[in-house]
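As a plain string of letters, each chain reads:
Number of protein chains: 2
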Amino acid sequence: MKACASAPGKTILTGEHFVVYGEPALVVAIDRRVTVKVTERRDETLRVASDLGIIGVFEGNSFKAEGCRTDSRSFLEPVRIAAEAVMDRVGIKRGLDVEVRSTIPVAVGLGSSSATSVATVASVGKILGADLSQGNIADLSLAAEKFVHINPSGVDPAISTYGGAILYKRGEGIKRLQSIPNLPLVIGNTGLSRNTGRLVQFVGERRERLPSVVDPLIGLAGTLTRKAVEALLEGDLEKFGELMDVNHGFLVSIGVSNEALDRLVYAAKRAGALGAKLTGAGGGGCIVALCTLETQAQVAEAIQGAGGTPIMAEKVETGVQVWTEN
Amino acid sequence: MKACASAPGKTILTGEHFVVYGEPALVVAIDRRVTVKVTERRDETLRVASDLGIIGVFEGNSFKAEGCRTDSRSFLEPVRIAAEAVMDRVGIKRGLDVEVRSTIPVAVGLGSSSATSVATVASVGKILGADLSQGNIADLSLAAEKFVHINPSGVDPAISTYGGAILYKRGEGIKRLQSIPNLPLVIGNTGLSRNTGRLVQFVGERRERLPSVVDPLIGLAGTLTRKAVEALLEGDLEKFGELMDVNHGFLVSIGVSNEALDRLVYAAKRAGALGAKLTGAGGGGCIVALCTLETQAQVAEAIQGAGGTPIMAEKVETGVQVWTEN
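Protein chains in written order, with the working numbering: chain A, 2 to 327; chain B, 2 to 327.
Extracted from the complex, chain A is given alone in its bound form (with noise of 0.2 Å):
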């Protein structure tokens, strides 16, 4: 038996970085999403095979790549991380081949980690015949999560694994919010690499050198994240566009964007999207832009003509799914 469990990834539409002073942060889960499949080994090795070509083998402390990837080890411990405190939890020790494929592009702020780990300890847990509930899994995924970033928040794993739409506070933790419109989305990747650390550094010292100025902001960005959820609920996506341009101006100001970024947000702009911003750590990485479903075609289409590589997205409402193969 095949023990199969899909995750999807992430966009945050509102709020990041001002998350990390308290403020709330709107997240979405889209229609990108990892996929893993698990069936028993008759050893007591982990084998864990990427479809990007990472192959390694893990018994005991030990790890062997297979292919000539050096990274591979990296890559592929939080998979193992995973799978392991699904062990702990349930406390059976199984050998394991493990088959990761995904959707989602990688270290860009798309939450593929989480994804990979939410659907790792689904389907490790159905091997197991372990009944995970949703918020198991959230917490075991966590785990896997410290091995990625430092201090994680917990709002990755849980809107792979929840699905739809999430408020979160530091905090106060996760509020999941229903009755949230369609949204099509255009992600945009600029293709350059990001260090989320070194930026969540570079915003607390402006934070330090200018608490005048930036705290206020940081409270403006909390209410703008407020504003926009209820927009959301009433179903206005232009003003929630809106906010999410007025949301990319607060990110200009503390310093987290760039050219690129900036680049396809314009793009995004022109060709018609509702509102479009820089999403996650910024300095690289993603833009997001709201369309409406006959525009989301043009703005794909313009954010590719400037530079970036485009992702069509909408949120989905599904958050981990669990089924046997045989």
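Bear in mind the hints are in silico, worked out from the structure with no lab data behind them.
Every residue gets a Cβ at the ideal spot worked out from N, C-alpha and C, and that includes glycine.
Possibly wrong hints are sitting among the right ones.
Listed next, with one range per pair, are the computed distances between beta-carbon atoms [as the list claims (entries may be wrong)]: (1) B:Leu234 with A:Thr310: 43 to 49 Å; (2) B:Asp216 with A:Ser180: 24 to 30 Å; (3) A:Tyr22 with B:Gly306: 34 to 40 Å; (4) A:Gly172 with B:Ala298: 45 to 51 Å; (5) B:Gln305 with A:Tyr22: 36 to 42 Å; (6) B:Thr319 with A:Glu295: 53 to 59 Å.
On the provided structure of chain A, position chain B as indicated by the hints.
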């Protein structure tokens, strides 16, 4: 005898747009000037010749262009209004030859029209033997400004008259700032024309749509300008530059920047500018970058490389100057 006067242009360092809603703006005179030279004619006409090749003769209510430009009259009309304002004030009517020379690019927000009005008022006052105070000159110049801008704040004639640095607040008027350090600037002209009225209107409409976000942002922009003035008075140009960067993000948030402006801003920052932002109405026109004497040349080069026209500038304390030539 030839009566001569020159007056400087200006650039807004912080607070544009937000000034419309009662927050302060910080404006400095720059070392680009308009020079006006006036001689008496034997007839009753007013002949105005600009070094842009725009020449025309006013006689009563009629106007005759010399040359082929069809916009001569609207271009030269402010000179006539300024000259007539002085003649009305002094109670003397003369035919005049007015010669206008400028090193300020026109219609990009650098105060070319105000500098022209101020230098015209001062030189016409001189030829008529009137002893106009700086306050008189600024007031009389405002009349001509009303021809160019629908609702001029009076800050442009003031800065062209007094020079130096001015904090302007609607309803409270101008406050001249003393002891401001030298400010090596590079202005970057996008070469794109802009429509100030339309941009001001756009901001007003965004404010009406999103009052709970835009109103606090306006207030925060006022805080920013006050902090920027503090930084200048402390001689802390690094802090001042960082506040310019933050201010640029605010202008992005209210929707008045564009890709050409942002490109010049990023180019200036990459080349070592302490801060860079759009200046004036936005939507075209110019950026202003604060540099050190060491980085000024490389910032200018970077702006050129990014498709802009760089203008090296610095704050000047000298406002309107009047003299005679034989």
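Hints versus structure:
no.	hint	result
1	B:Leu234 with A:Thr310: 43 to 49 Å	48 Å, holds
2	B:Asp216 with A:Ser180: 24 to 30 Å	28 Å, holds
3	A:Tyr22 with B:Gly306: 34 to 40 Å	37 Å, holds
4	A:Gly172 with B:Ala298: 45 to 51 Å	50 Å, holds
5	B:Gln305 with A:Tyr22: 36 to 42 Å	39 Å, holds
6	B:Thr319 with A:Glu295: 53 to 59 Å	57 Å, holds
Checked against the numbered hints listed earlier, the structure breaks none of them; every hint is satisfied.
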